[in-house]
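Place chain B on chain A using the hints.
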Amino acid sequence: MAKVLIPTPLRQFAGKSDSVQADGSTVGEVLSSLTSQFPDLRKQLFNDEGKMRSFVNVYLNDEDIRYLQKDSTPVGSGDTVSIVPSIAGGAVAEKGVAEQTGHAAAPPVSLSKDEILRYSRHLIMPEVGMEGQMKLKNAKILLVGTGGLGAPLGLYLSAAGIGRIGLVDFDVVDFTNLQRQVIHGTKDVGRKKLDSAAESMHDINPNVEIDLYDLALTSENALEICAKYDIIIDGTDNFPTRYLVNDACVLLKKPNVYGSIFRFEGQASVFAFPGGPCYRCLYPEPPPPGLVPSCAEGGVLGILPGLIGIVQATEAVKLILGNGEPLVGRLLLYDALAMRFRELKLRRNPECPVCGDHPTITQLIDYQQFCGVNIQDEPPAAGSKESEIEPQEVKHKLEHGDRFLLLDVREPHEYLICNIPGAKLIPLGELPKRVNELDTAIDIVVHCKSGMRSAKACDFLRQAGFKKVRNMRGGILAWSDKVDPSVPKY
Amino acid sequence: MIKIDPHAWDTMVAHAEAKYPNECCGAMLGSIGIGRIDDGQKLVSQAVPIENAYAGAQGARYELRPEDLLEADRRARAAGLDLIGIFHSHPDCDAYFSKTDLENSCPWYSFVVLSVKGGKFDHAASFLPNPDQTAAEKEELIWPKS
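Quick note, the sequences are listed as chains A and B, same order.
Just so you know, the working numbering puts the end of the first sequence at 1449, numbered straight through with nothing missing.
Just so you know, the working numbering puts the end of the second sequence at 153, numbered straight through with nothing missing.
Do not rely on the hints blindly, as some may be mistaken.
Computed list of lysine-lysine pairs in BS3-like fashion (alpha-carbon distance at most 30 Å, straight line) [to be verified]:
(1) A:K1277 / B:K152
(2) A:K1099 / A:K1213
(3) B:K152 / A:K1212
(4) B:K127 / B:K106
(5) B:K152 / A:K1213
(6) A:K1212 / B:K145
(7) A:K1002 / B:K127
(8) A:K1187 / B:K106
Keep in mind the hints are simulated off the structure, nothing from the lab.
Here chain A stands alone, though its shape is the one from the complex (with noise of 0.2 Å):
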């Protein structure tokens, strides 16, 4: 009985150990016990003849055996079996004779001796260590968006030690962001959201290689941008983009870790990772436009991104690392008014057209039109000249006394930060019942925050019989830049 140790290629022959212990009292037998327990670890150390290989040395402890008794070497319980190749070559041109002056060199670390400092907490710890430390290190991560979810990804991404992270981003930073993206301050307003946060990611970790990708991703460009990236994290705050970047994922294979956030509730799951589900098998089709408010339109908690986002960093790190129970198959569910969490079973939809067992999409599509966003660009849904009005003839109106209505649909809360003054508050949601307090016959201009809502509302007021609606284009914000800047926005 001996241990053998099993060289690293070999291990997969070997049940996957590193070292065996095989009956025998000498080498020979040893051998022949091992390759009778792993067949097919035979082949590697034995031609068809059955001659150990040429480039098969047999040591026993620190003897190579062919200057002991070869296989009648005998072996105690105590003794180590290594297979050792021997290896030579070298380049066919011969050159001039020279002096052999070879020595071993120190023996080089990994990681810098700073980095080893930098990241003692994770080296401590055998589940991440050096091992660990240097598959961070030699990761490429791609994030689409420096928002809400991209501000905590960012820093703790870049603090953890990811080697490469590529962020895309084609948004300046306003003040309306600094509620929730911390990777933002106050001092980066009007700046590239791209050179704010690579200045913060680098400021915490300049050993972050940061590519910055000043562009909005596309079914043109985002194949080449995340083929060169290990994993996609998904924080963005769209639609189309987040089908763009799950089909990308599954076309490329890589997993897409995905996050998303709405006023007290996210969620997070990692899409795309092989065997598991994609975002279509849990959303074949996305919702009809303008149903979902965004985030600009339904508002969020400032902090939800926060917890989501580090979520969605815990999970890139683990499949990293390969540790651990990935959020593969599973829907988190985080609500923060009831402060818990929940999850749902998400199981892959053979029929999902992406990654399903007979794809009909095997390429990028047209992502704003599978969305129906192309309407949506212009806020006004029925937009014709005939049914908007400008805020600045709304002023002449209302300064020269004419008789209309001013209707105002946004929500109560809404119209506690600013109004205009005179215009009567009915929300949108409300106005089906409420309809009766309204005059057919005289004039109404409808507003909102941006034009969306009031839009919705006129086109339910036609539909209702009121002939003389018109919506005040861009909202309360247009009116703000064009008529009255007391007016604050937000």
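Relative to the frame of chain A, chain B by itself:
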């Protein structure tokens, strides 16, 4: 695919340049990915220079003592790493897998060849010899700044 960490790579290049015009050799330690995104991917995190034990002129020959390889393997195991490859240099010669290389190889490891021209590193390639030592498949090699 085999990927070499910058520190390991610096050691390999420095060793190859220091031994020029002779061939150098050494072992590469690291890990073979069993993670979910890096399955089968070899990552070299340490390079161990080993003495060229060839008894004749070393301008175009190298030989590794099995004892030195055994020592490298022990060092790898002690550090929680694996011995995953062998490197050697070709002074003033391209990084290809020569007949001599092939006939004296083994199929278990990645063989990285560094071409050193005029004392400076020029390019590199990695090879996977077959069990009969009759052919070697080229393996994708990623080194820093490649």
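Verification of the hints:
no.	hint	verdict
1	A:K1277 / B:K152	holds (27 Å)
2	A:K1099 / A:K1213	holds (12 Å)
3	B:K152 / A:K1212	holds (25 Å)
4	B:K127 / B:K106	holds (24 Å)
5	B:K152 / A:K1213	holds (23 Å)
6	A:K1212 / B:K145	holds (24 Å)
7	A:K1002 / B:K127	violated (41 Å)
8	A:K1187 / B:K106	violated (36 Å)
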